[in-house]
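Line by line, the protein sequences give chains A and B. Its first residue numbered 1, the first sequence is counted upward by one per residue in the numbering used here. Its first residue numbered 1, the second sequence is counted upward by one per residue in the numbering used here.
Hints were generated in silico from the structure; no laboratory data involved. Hints are not guaranteed to be accurate.
[As the list claims (entries may be wrong)] Capping the alpha-carbon separation at 20 Å, the derived lysine to any residue pairs in SDA-like fashion look like this:
id	chain 1	residue 1	chain 2	residue 2
1	B	K7	A	I73
2	A	K7	B	A95
3	A	K51	B	V83
4	B	K78	A	T3
5	A	K36	B	N117
6	B	K36	A	I50
7	B	K161	B	V83
[Said to hold, decoys possible] One-sided and incomplete, this derived list gives chain A residues near chain B with beta-carbon spacing under 7 Å:
id	residue
8	A40
9	E43
10	I65
11	E69
12	L162
[Said to hold, decoys possible] One side of the interface only, derived from the structure: several residues of chain A facing chain B at Cβ under 7 Å:
id	residue
13	P20
14	R24
15	G46
16	Q68
17	L70
18	T130
19	E201
20	V203
All of these numbers come straight from a predicted model, not from anything done at the bench. Every residue, glycine too, gets a C-beta built ideally from N, C-alpha and C.
Protein chains: 2
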Amino acid sequence: MQTYPSKLLELAVNELAKLPGIGRKTALRMALHLLKRNLADVEALGTSVIKMRNEIIYCTECRNISDQELCAICVNPKRDRTVVCVVEDIRDVMAIENTGQYNGVYHVLGGIISPMNGIGPNELHIDALTARLGSGVVKEVILALPTTIEGDTTNFYLFRKLSGFNLTLTTIARGISVGDELEHTDEVTLGRSILNRTPYESVLKQK
Amino acid sequence: MQTYPSKLLELAVNELAKLPGIGRKTALRMALHLLKRNLADVEALGTSVIKMRNEIIYCTECRNISDQELCAICVNPKRDRTVVCVVEDIRDVMAIENTGQYNGVYHVLGGIISPMNGIGPNELHIDALTARLGSGVVKEVILALPTTIEGDTTNFYLFRKLSGFNLTLTTIARGISVGDELEHTDEVTLGRSILNRTPYESVLKQK
């Protein structure tokens, strides 16, 4: 066990080391870096994370992170409310928004079913999703979850849960990445890309 | 430029991304992780770094980080005050202390001479070192700086700066790591290890 020359340093290292992917050595490097910065800079860091945790709001409609009761996407009158894209967390919302290719709205589950990590359907915003679908406005739900076992499990759970609703259930396409060579693509992905082939004419129309 | 669904989140990501080695993607992952933690946990993180930056003291003797005016090493009556080991920063103090092989005291420079990073001798605690040596108590100064160009430059600067004092100036041994094979050691290190060879009898006495 490492001994630190200062309790204050040790405490800060302990807290920094709780961040994901940060070990004690990196935490120490961070702490020593902070000691060289202005007090105002360090206060900005400390207060910004507390303020964020304390004041952030989740959109009552889609559970996206928000500064208001409804997020910027849900209040935007130009978004298509008949299509809901279901994602794991807000990083996925940000990634899809960055493509500029999607004009519907979202539903953030806040995770995916993962028994190993103690996350079951009840830990996710699934009831909030079915509640949204009750009004009949939504015509299509796009499942945009990770292509992992957990993602597939969650997809299947939602497929059964949503079977009673009159809507189209789709998943985002799995296929080879744009720019990738076929010989370097794993066989599962390549197989999917053949099974789920797309009419060439529709690809021609895409930018 | 990434757009964030919340200003509070964006602010926290901006601050976390200023930590060394943390890019914006990792900062976002950290921020989302913090949102899932208890408010008390996040407050512990935020306040611990501010408190550390605000209240930490540097030992007036050796410039080591401390909770008091003099650090635990400098106040320890069992430490040999005639030997001073000069190091770059407190991580080096911790590393040498962990070996359990050193019983002298330290002097923390707070960096090394690096014109590329705008760090000259005046940015380092070199005057504090010469002031310590004035009393004549110190008989040996060990230079334990990194084996880089910057480390060598600082060594040479200190060599000239300390030439007027009546003391032995040594550097820590450069050689092949314990457990390393000769064929995998770079030739500069291997060359040094031959030039600075150690009497076998003295090695026999070491644990």
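*Measuring from the C-beta of A:Q68 to each C-beta in chain B, is the shortest one below 7 Å?*
Hint violated; A:Q68 Cβ to chain B Cβ min 9 Å, cut 7 Å.
*Under the criterion that the straight-line Cα-Cα distance not exceed 20 Å, is the pair B:K36, A:I50 satisfied?*
Roughly 12 Å between the alpha carbons, so the hint for B:K36 and A:I50 holds.
*Does A:T130 pass the interface hint, meaning its C-beta sits closer than 7 Å to a C-beta of chain B?*
violated (23 Å)
*With a cut-off of 7 Å, does the beta carbon of A:E69 approach a beta carbon of chain B closely enough for the hint to hold?*
violated (12 Å)
*May I ask you to test the interface hint for A:A40 with respect to chain B, counting a Cβ-Cβ separation under 7 Å as satisfied?*
violated (10 Å)
*Using 7 Å as the Cβ threshold, decide whether A:P20 counts as touching chain B.*
Holds, about 5 Å.
*Hint check: is the beta carbon of A:L70 less than 7 Å from a beta carbon of chain B?*
Violated. Min distance 11 Å.
_Under 7 Å is the threshold here; is the Cβ of A:E43 close enough to any Cβ of chain B for the hint to stand?_
holds (5 Å)
*Is the hinted pair A:K36 and B:N117 satisfied, with a Cα-Cα distance of at most 20 Å?*
Within the cut-off at roughly 14 Å; holds.
_Restraint check for A:K51 with B:V83, where alpha carbons must lie at most 20 Å apart_ = violated (48 Å)
_Hinted pair, alpha-carbon criterion (20 Å max): B:K78, A:T3. Please report holds or violated._
Status holds; Cα separation ~18 Å.
*Holds or violated: is there a CB of chain B closer than 7 Å to the CB of A:L162?*
violated (25 Å)
The structure does not agree with the numbered hints 3, 8, 11, 12, 14, 16, 17, 18, 19 and 20 stated previously, though it agrees with the rest.
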